[in-house]
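Participant: Listed below are the residues making up each chain.
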Amino acid sequence: MANAQDQMPTPGTSNTITPEKVREGVDLEINGKSYRHTGDDQMPLLWYLRDVLRLTGTKYSGEHGEGGYDLVLVDGKLASATNLPVVKLAGKKVTTVEGLAATDGKLHPLQQAFVDEDAIGCGYCTPGWLMAALDLLNRHPQPSDNDIDQLPNLCRCGCQTRVRRAIKRAAAKGGRA
Amino acid sequence: MSRATESTMQLSRRHFLKVLAGTAGALIVGIPFAEAVDAPVPPSMLGDTLYGLGAYVRIDADGNVVIGIRDPDTGTGTSTSLARIIADELDADWTRVSVVPLGLGVEDNNGQPRWVYGHQTSGLGDSIPAAWADLRGAGALARWLLMQAAARRLGVPADRLRCEEGHVVAPDGRRFDYGALAEAAAKIAPPDAPVPTKTPDRYTLIGQPAGEIDARAIVTGQTAYALDTYVAEALVAVLSHCPWPDGSVDSLDTTETLAVKGVVKVVQIKPEAGVPLGQTVRSPAVAVLAENTWAALQGRAKLKLHWKAGAQSESSAWFEQQATDVINDKSAQPTTRVRNDGDVDAAGKKASRRIEATYVQPWLAHATAEPMNCVVKLDKDRAVLVVPTQAPQQAWKVVQRLTGLSPAQIDIRVPRVGGGYGRRLDHDYVAEAVMLAKAVERPVKLLWTRDEDLTQDYYRSASVHKFSATLDGKRQIVGWNQRMASASALAQRGVPDDRLWTSEIDAHQLPAGLVPNLRSDWYSLPSAMLRGPSRGMPHVSNAFAVESFVDEIAYALKEDPLVTRLRLIGEPRMIPLGDGRTLDTGRLINVLKLVADRIEWKNWLRTVNGLGIACWHVDGAYVAHAVEASLQGNKLNIERVVCAVDVGRAINPMGLGGQVAGATLDALSAALNLSVSYKDSQVQQHNWKDYPLASMAQLPDTTDVIIVPGDRDPTGASFLGMPTAAPALANAVFRVSAVRVRRLPLLKEMLRML
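So the protein sequences, as listed, match chains A and B. Position one of the first sequence corresponds to residue 962 (the working numbering), numbered consecutively onward. Position one of the second sequence corresponds to residue 144 (the working numbering), numbered consecutively onward.
One should not assume that every hint holds.
Claimed, not checked - For lysine-lysine, the following DSS-like pairs were computed, each having C-alpha atoms within a straight-line distance of at most 27 Å:
id	chain 1	residue 1	chain 2	residue 2
1	B	Lys520	B	Lys581
2	A	Lys982	A	Lys1053
3	B	Lys413	B	Lys520
4	A	Lys1053	A	Lys994
5	A	Lys1038	B	Lys832
6	B	Lys520	B	Lys404
7	B	Lys413	B	Lys447
8	B	Lys445	B	Lys404
9	A	Lys1129	B	Lys778
10	B	Lys445	B	Lys822
11	A	Lys982	B	Lys404
12	B	Lys832	A	Lys1049
13	B	Lys445	A	Lys1049
14	A	Lys1049	B	Lys404
15	A	Lys994	A	Lys1038
16	B	Lys822	B	Lys451
17	B	Lys413	B	Lys822
18	B	Lys745	B	Lys617
Claimed, not checked - Facing chain B, from chain A, some residues (calculated, C-beta under 7 Å):
id	residue
19	Asp1012
20	Gly1018
21	Gly1028
22	Leu1112
23	Gly1119
For the record, the hints were derived by calculation from the structure and aren't laboratory data. Quick reminder that beta carbons are idealized off the backbone N, C-alpha and C, glycines included.
So that you can see chain B by itself, here it is in the shape it has in the complex (with noise of 0.2 Å):
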């Protein structure tokens, strides 16, 4: 790629529309939301034949179109729903349109970065809402442009045209491809307002389903990601890492791993300190630096290291035993009482009966299918990364801080990533590439080895919930007080400790808005294992604690389980929750009684097998899981598993019962088989077979999603599927074998019970 094309290129800032230098009749259009900002366009979306129409959209002269997408896809589909939000704004033909990652979108303002693409996170469910809100206007920009273009060439007004699939469509019925209308196009002023976006009755895409747009890419093995991007003269960094992050090199001896052919240097790098969690570098690690990736595995084996312990030998049953204590000592004050209604404790007094159980959930890594990697070229002016990231500004924070570089000179690609689940949203492997990078003077390519990613991750803490529920008179639930232990996600990393609580849990989560009196209490825990953000935290533990112990009162009071949640829900109506929250309960009753419907719940109280059921609330999203489960001697089944989710408007239906079939199915994994535990601080699973995903065989056949029909702004559905997954097989495990599962994984705790 010429210097030339690698420039940025800049928008006019007064009329968003400019002729760029250097390619030849090239012209792109402002981004709407991107007022007075100059937004650099990506070199990849520039040529010399082509018309750029925005960052956001291309139309080459031959018709095709090209959408760049800003949010990292790590499989959660968002290079296709992002660019079919567009593409209907357009009304592009479909199955001319192609997609680019736009990498990091940033430029120089006085030395600080400015975000020209806005919202480029991916994996917290944001994705979508936030192009609904300001991705449209691109699409619908360049169709105004379009259709301005044609009404010139006709000599008609262009209210009196139409658009469709890749085509101005005229009054007598002559069509124009959108190619051969992109020059003139592109050399029109656009519309001082924001051109309107569509009317839902116009949706030509949205709503309807769409594969994977890179699915033939994908299946034919050509989808390039981070660890498949070659950089010439780069080394291959491997590294061996400290168990203890505070822990040190007691002796190295690199003889032999220096006489390994192709090896060509071993460099040592640590945690910086006062730096963040995630921010840099984990534990201290032994890096080896070799030509090919077969000579720095074999030089990572032949060095002679030992390690110097740090300061903590913390085990993972010492953790659930502290959390224990403390949940058990009445006396014990909370970290942050988390919402507190009404009277719990009075209401206690006055009941007629009382109901109390404990759940106790593992400890988890990440466990992406791509490894941590990195790609990393260095110049005295130039930083260009690879990085399979959720979050490239979090990442250009760290290739800044250690290169000193100026914001528009760190170039970060973001290919497809190979799952994300909150490991990347940290960037401590980056932080290892670059000083790799800087110490050996050439370009790096790092891998952690699946050992290191499984021992070396920020962990999703081990928790234990405690819930006391009071009942009255009428078996109406009147006092729930819940107290949860864990050891917070966000602690080492700047966040306040009044604030600690919130990735562990909701205080808006159910059955918040249902109950008079409600106390919800967070105990922080202690504990020199690493933490750090997890998909569906703080609502996968939260919920299936929760929903596990509404079925425990539906059992005690020897009543059908939905009949307890529907009486518990109550009417619909809409329950204000505070800070700005609703709880809907039609729309929870609505898919509480489709997945009953799904599964024949009416079959609850006389099927062989057992039928469990939960249901929850994501952000103004609500979900709902059946299980049917048998059991045959001391073999599991899960029979069948139906989902409900109403995310409001579904962009891409396809894509959308995809995401929540597979959240379903790695909850269920996670649930099945999952734990990490450790001693002496050193985590015990180093690869798959310590760390079981579910085998194909112990999952369902299928996965059952059903969508309900909406209208309002589409919510996220990253890990919708995934909260309520697990209490419905625990549920309908008790059903099948009487055991009620208090504590995860449940495969291991149901054998132990039987």
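One chain only, chain A, in its complex shape (with noise of 0.2 Å):
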């Protein structure tokens, strides 16, 4: 991000301004780090974390990206990253399962739930079920068994009841980001 920094004008030297070239690509916030993507901006979200980032926490789930395994959130809002062209990414905050712990490496109360509770089977499908869950409890700080019955994740392994646990004793820890 250095570039723009030099493009600045200096102070003082207004008549010598050379106009700005327009900058190319998409801007956007991953997990606190500022990105901007130059390739086709048409890429999905999913497809520029994995393929280009290397963010693959974040799992393919299917053509449409039902499953959830594909679940990020934008703007604090849950989404899937296969729908989602990089371009209407522009100037957003993007969360994925890479950015739930703390720089230090704590781990997020969910994250701590999910592993107490043991709520992992083949695991392909938690980092989906970790940012519903991380919706619902910024939603729904104390959610109720209703609640968590709208989660939209898929898992064959069936931590379902496990995952159930881990979403109440993240929220009876105050679980909220």
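Taking the hints as your guide, dock the two standalone chains into a single complex.
Facilitator: As structure tokens, then:
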């Protein structure tokens, strides 16, 4: 991101200002870091995260994102990364599972609750559950069973009852992000 | 990684102990079961400052312990449970244990492969029994060596020392960290005879609960599955498969595809003639190879591709009709008489009562979370693959056939796998990746999209069961005639015709041994739909049919179905079933009574909700479920689920509990919602909306698992929680709705009948 700084006009030399070039690409923020994507701006966020940034915690789900393995937060709202072209994310803040833990490595209360309740099978769907659960706790810090029932995620290993316990455990500890 | 550290290290044939060239100070100690085998140690286990104690155990100078896991972990918890089997013998400090997947262990034995790690298959329920038999010795040997090293340092006999939590403890209380002893331990010659393993009273980890050892990496998104592996210069391949395995390309125009930025090539592949199912390409396919996934997906969308249909045009409705016809044709000769105890026909003539019922179960897909994928890098003398497989040894065979490389030139790595359920015992996707890598002469990363994954599966066959039970005047079941029709999962796989039944029905399943006159016939059905191994097969479909039917008998007798079951089972005793198998009725009664007590079965008659129960046994393990269900209008609620399992010694009760709860929910999900249908041999389920695994809302809020304490050698529990879940639910549904569900999926059938 140093380039933008370099192109700023120097004070006192306004008569020699060179017009700034149009910046190519899409600027967005992912897990608190700034990125600019200069490739195909129709590339879905899923493949931008995975193939370009190698943030592979967000998983391939299905052609239309159904299944919930690809969930992220965009400006705090739950979104399927499969259906979201990068161009639509200009200026937005994306949170992926890699962005949940604190910078010192301390797990987010939800992550810790998933560990404590052993709410993990093969683990492929776990990042999606975490993002959906985070969104749920953001909206309902003390979710009811009915609230938890609304989660869109699918899991063939059958972790649902353990995930439910984990969400309740995180909620009990004030698991809001 | 340098070439030196990538090369395979050899163990000494005579002493199982050798200084490894190129790794300063590092030593590898042999694997007890691999006598007279030169066991290679995976490069990931080696390092310049590390002390290796066998391919399974490495103790670092800082005292951290790395345990190599030989069986792929598809989510069944083998990383944790196999590590604990070894770590307990080692008396390791569990908080300092980490694991690495070993990948395939293969060496060249005059051109033939020798599997140096022994068992390397997951999902068949035998990972823990196999590990129990041969992995404990690895931990025991490492502990023995550390104790010898401490004994020399202290000048006291080793038998006066003891080990605990990563330390050798001297008689005077001084403690020596394993890390500080590792270098010296690695210089000690192992004993000639195997080191004895612990007596059970000294277990510290076995039998104690432990969470998933890789949990932290999983919840932080750091666990790399095969799909998360990126190899330099690799092209991403996405495919469009022909709906008919015997179809072909009718027309193909790739102009627009090749115009997509990033698309490099379009390649056609097809099944090799004469190669068994699951070892070559499944159906003809057109692959679009591109610099990234998005380009490949766009390219595939722009293919102008028409398939020429195959010779078969089959529908699932036709298949079911065929099954029903054969099962109702009294003159039809069975393909195999699986069991024939006593004389069913004679018993029938004397009987005072006959009860009959027929059950229909649908085709099912595997529907793994992580779709089929494979990364492959081919060089002239080397193939490196990253494969989500349940059976790396089988994957090796496919790669070897297609590349002609020698055994040890094939390096198959198996990171954590996003679900198996039997799908990854087949390696059609590996064959595809290798063929494509050869065609483009670049590394390839193959990805099946969800559509391909659901429509190009090796399915579980639909089946029809028909039962006829005869009862005597004392309401005892004296005759049991079972006819089952299905298309074998083993057909076209080189299995002899007289063994095709083995994937479909268990000769020893209930009520074998409990009914004096019992006949079990299997009718083979032809089908062009490709089949393959499926989780819990053949127990899941048979337990549903048998345990539903036992409930129907109870109803006909106007009897509590728990009482009917307990009468059928009789006194606690050992019943030989043949083939060395035994039914321990005491253990079966125990799991039944445990779930009955927990769900308060005494309320069975008067509760407004429905209670259902079922029991089964699988390879020496015993399981029962009890389910409480309610109905609000047309909405079915599963209020409570209780499961009891008896697996002998439970290595990791927490892992076992999770595995059983998970299998329970998997079985309920399938029973409630799932079926595969097809017309003109084309599968109609393309995505999760068409094949809806149960939502959170459909499933019970809790799963209550009771683990029977035991000290027998452990059995597997990979799918043990599956067979009885659906019949217990169906039996509960009958109580609450008076609808007897004889056809799955349950919800659709229940709504039709209500």
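Participant: Decide, hint by hint, whether the structure agrees.
Facilitator: Here's how the hints hold up against the structure:
A distance of roughly 9 Å separates the Cα atoms of lysine 520/B and lysine 581/B; the hinted pair therefore holds under the 27 Å criterion. With a C-alpha separation of about 22 Å, the suggested pair lysine 982/A and lysine 1053/A falls inside the 27 Å cut-off, and the hint holds. Note on lysine 413/B and lysine 520/B: the hinted pairing holds, with a Cα-Cα distance of about 20 Å set against a maximum of 27 Å. The suggested pairing of lysine 1053/A with lysine 994/A holds, with an alpha-carbon distance near 11 Å, which does not exceed 27 Å.
Taking the CA atoms of lysine 1038/A and lysine 832/B, the gap is near 23 Å; set against the 27 Å cutoff, the hint holds. Using a Cα cut-off of 27 Å, the hinted pair lysine 520/B and lysine 404/B holds, with the two alpha carbons roughly 24 Å apart. Restraint check for lysine 413/B and lysine 447/B: the C-alpha separation of about 18 Å stays at or below 27 Å, so the hint holds. Of the pairs offered as hints, the one joining lysine 445/B and lysine 404/B holds, with about 12 Å between alpha carbons and a cut-off of 27 Å not exceeded.
With a CA separation close to 25 Å, the supplied pair lysine 1129/A and lysine 778/B stays within the 27 Å bound. Proposed proximity of lysine 445/B and lysine 822/B is supported: the alpha carbons are some 26 Å apart, at most 27 Å. For the hint pairing lysine 982/A with lysine 404/B, the CA-to-CA distance comes to about 25 Å; that is within 27 Å, so the pair holds. Between the alpha carbons of lysine 832/B and lysine 1049/A the distance comes to roughly 26 Å, so the proposed pair stays at or under 27 Å and holds.
Of the pairs offered as hints, the one joining lysine 445/B and lysine 1049/A holds, with about 23 Å between alpha carbons and a cut-off of 27 Å not exceeded. Annotation: proposed proximity of lysine 1049/A to lysine 404/B holds, straight-line Cα distance about 21 Å (limit 27 Å). Proximity of lysine 994/A to lysine 1038/A is assessed by CA-CA distance (about 18 Å); at most 27 Å being required, the pair is judged to hold. In summary, the hint linking lysine 822/B to lysine 451/B is supported, as the alpha carbons are separated by about 16 Å, within the 27 Å threshold.
Restraint check for lysine 413/B and lysine 822/B: satisfied, since their Cα atoms lie roughly 22 Å apart, inside the 27 Å limit. The hinted pair formed by lysine 745/B and lysine 617/B meets the criterion: a straight-line CA distance of about 24 Å does not exceed 27 Å. A hinted interface residue such as aspartate 1012/A counts as satisfied when its beta carbon comes closer than 7 Å to some beta carbon of chain B; here the least separation is about 4 Å, so the hint holds. With 7 Å as the threshold, the beta carbon of glycine 1018/A comes within range of chain B, its nearest partner Cβ sitting at about 2 Å, so the hint holds.
Hint on glycine 1028/A holds. Least Cβ distance to chain B is approximately 5 Å, under the 7 Å limit. About 5 Å separates the beta-carbon of leucine 1112/A from the nearest beta-carbon of chain B, less than 7 Å, and the hint is met. Because the smallest distance between the Cβ of glycine 1119/A and any Cβ of chain B comes to about 3 Å, under 7 Å, the interface hint for this residue holds.
When each numbered hint is compared with the structure, no violation occurs for any of them.
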